[in-house]
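Q: Sequence:
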Amino acid sequence: MIRFALIWVLMAGHALAQEAEPPMTYERLGKIIFALDPDAEPQGPGFTMTISDVPVLVVTDVHADRMRAMVAISGTSELSAEDLQRMMQANFDSTLDARYAIANGTLWAVFIHPLSRLNKDQLISGLAQTVNIALTYGTLYSGGAAEFGGGDSHDLQRELIDDLLKKGEDI
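Residue numbers (the UniProt record's numbering): 1 to 171.
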């Protein structure tokens with residue numbers, strides 16, 4: 001009985017913690033983006049910003065309740081079958097919440113999420129993962145938050161996520 005009560009208290013506390021954060025809106029998204037990059041700029045229904053010297057475009061559609069963060073990596077004309085296969089493998093196991101995608105002749109790193117259900121830490125982590133998979137294209141193909149193996153890459157890539165989470169703590 002005590003175990004049941006403890007589980008219930010933990011679950012209720014977790015639910016309250018999740019409910020304490022207001023739904024994501026265009027305005028709230030903007031506040032978070034400007035906390036991460038004070039030089040960010042509104043652009044149409046979204047924002048342009050820079051993270052670790054990488055330009056990031058964040059687009060929203062409030063009517064469809066969607067947001068998309070994108071980093072252009074390269075044109076698609078030079079992609080080989082091996083490149084495409086490696087990206088699909090990475091999308092399955094190492095890019096985490098970000099993905100490689102192709103649109104309009106461009107290879108992109110993207111993070112896509114329902115806008116209203118997006119919380120601050122998910123946004124920050126998704127932005128960092130998107131930048132990480134753009135930066136690691138052709139090498140590790142990694143979102144940086146979880147790596148298999150014992151090399152140095154995990155700590156270097158995780159550093160970006162931790163830095164952005166710290167910048168967003170007080171929002």
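Quick caveat, the hints were computed from the structure, so don't treat them as lab data.
Just so it is clear, the structure is predicted and the values come from calculations on it, not from any experiment.
Errors might be hidden in some of the hints.
Claimed, not checked - Have a look at the derived ranges for each label pair, beta carbon to beta carbon: (1) Glu78 <-> Asp162: 32 to 42 Å; (2) Glu169 <-> Arg86: 31 to 41 Å; (3) Arg86 <-> Pro23: 35 to 45 Å; (4) Thr139 <-> Val62: 31 to 41 Å; (5) Ala20 <-> Thr76: 23 to 33 Å.
No residue lacks a Cβ here, since even glycine has one placed at the ideal position from N, Cα and C.
Q: For each hint, tell me whether it holds in the structure or not.
A: Hint check:
1. The beta-carbon spacing between Glu78 and Asp162, approximately 34 Å, falls within the hinted interval of 32 to 42 Å.
2. Distance hint for Glu169 and Arg86: a CB-CB separation of about 35 Å, consistent with the stated range 31 to 41 Å.
3. For Arg86 and Pro23, the hinted distance range of 35 to 45 Å is satisfied, since their beta carbons lie about 37 Å from each other.
4. One distance hint, 31 to 41 Å for the beta-carbon pair Thr139 and Val62, holds here, with the actual separation near 37 Å.
5. Here the CB-CB span from Ala20 to Thr76 is close to 43 Å, at odds with the stated 23 to 33 Å.
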